[in-house]
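*Asks:* Sequence:
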Amino acid sequence: MELSETAIKELKEVLTVDIGEAVNDFSDQELNEFGTFLLTVGVNALKVRARQAENSKHEE
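Quick note: the sequence shown uses the working numbering, first residue -7, plus one each step.
Everything labelled a hint here was simulated from the structure, so no lab data went into it.
Any given hint might turn out to be false.
Unchecked claim - In silico DSSO-like links for lysine-lysine, alpha-carbon gap of 30 Å or less:
(1) Lys39 / Lys4
(2) Lys1 / Lys49
(3) Lys39 / Lys49
Said to hold, decoys possible - Label pairs and their calculated CB-CB ranges:
(4) Val9 / Ala37: 31 to 37 Å
(5) Val9 / Arg41: 27 to 33 Å
(6) Glu5 / Leu30: 17 to 23 Å
(7) Glu2 / Leu30: 35 to 41 Å
(8) Asn24 / Ala45: 30 to 36 Å
(9) Ser19 / Glu46: 18 to 24 Å
(10) His50 / Asp20: 42 to 48 Å
(11) His50 / Gly12: 22 to 28 Å
(12) Lys49 / Ile11: 36 to 42 Å
(13) Glu5 / His50: 37 to 43 Å
(14) Ala45 / Asp10: 30 to 36 Å
(15) Lys49 / Val9: 16 to 22 Å
(16) Val15 / Arg43: 30 to 36 Å
Keep in mind it's a predicted model, so treat the numbers as computed, not measured.
Built from N, CA and C at the ideal position, the CB exists for glycine as well.
Turn these sequences into a full structure, and let the hints guide you.
*Replies:* Structure representation (structure tokens):
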């Protein structure tokens, strides 16, 4: 999946402007929950990619 140019531009804006300023207002607990969420998403994405790679090997 690839993001459109518009989506990338909007994502950059959200990360730098909206979230960047809001991060200063997060408590340690909120930052911990957000970080844990990001790590969970990352791990699940890696599992999916590994499964796809394994399935591709079996199809060849």
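*Asks:* Could you run down the list of hints and mark each one as holding or not?
*Replies:* Comparing the hints with the structure gives:
1. Lys39 / Lys4: This hinted pair holds, its Cα atoms lying about 26 Å apart.
2. Lys1 / Lys49: violated, 36 Å
3. Lys39 / Lys49: holds, 15 Å
4. Val9 / Ala37: 31 to 37 Å: Given a distance of about 25 Å, which is not inside 31 to 37 Å, the answer is violated.
5. Val9 / Arg41: 27 to 33 Å: Roughly 30 Å apart at Cβ, these two residues keep to the hinted range, so it holds.
6. Glu5 / Leu30: 17 to 23 Å: holds, 19 Å
7. Glu2 / Leu30: 35 to 41 Å: This hint is violated: roughly 19 Å between Cβ atoms.
8. Asn24 / Ala45: 30 to 36 Å: Given range 30 to 36 Å: holds, Cβ gap about 32 Å.
9. Ser19 / Glu46: 18 to 24 Å: Given about 40 Å between the Cβ atoms, the range is violated.
10. His50 / Asp20: 42 to 48 Å: holds, 45 Å
11. His50 / Gly12: 22 to 28 Å: violated, 44 Å
12. Lys49 / Ile11: 36 to 42 Å: Given range 36 to 42 Å: holds, Cβ gap about 38 Å.
13. Glu5 / His50: 37 to 43 Å: holds, 42 Å
14. Ala45 / Asp10: 30 to 36 Å: Cβ of Ala45 to Cβ of Asp10: about 35 Å, so the range 30 to 36 Å holds.
15. Lys49 / Val9: 16 to 22 Å: Given about 43 Å between the Cβ atoms, the range is violated.
16. Val15 / Arg43: 30 to 36 Å: holds, 33 Å
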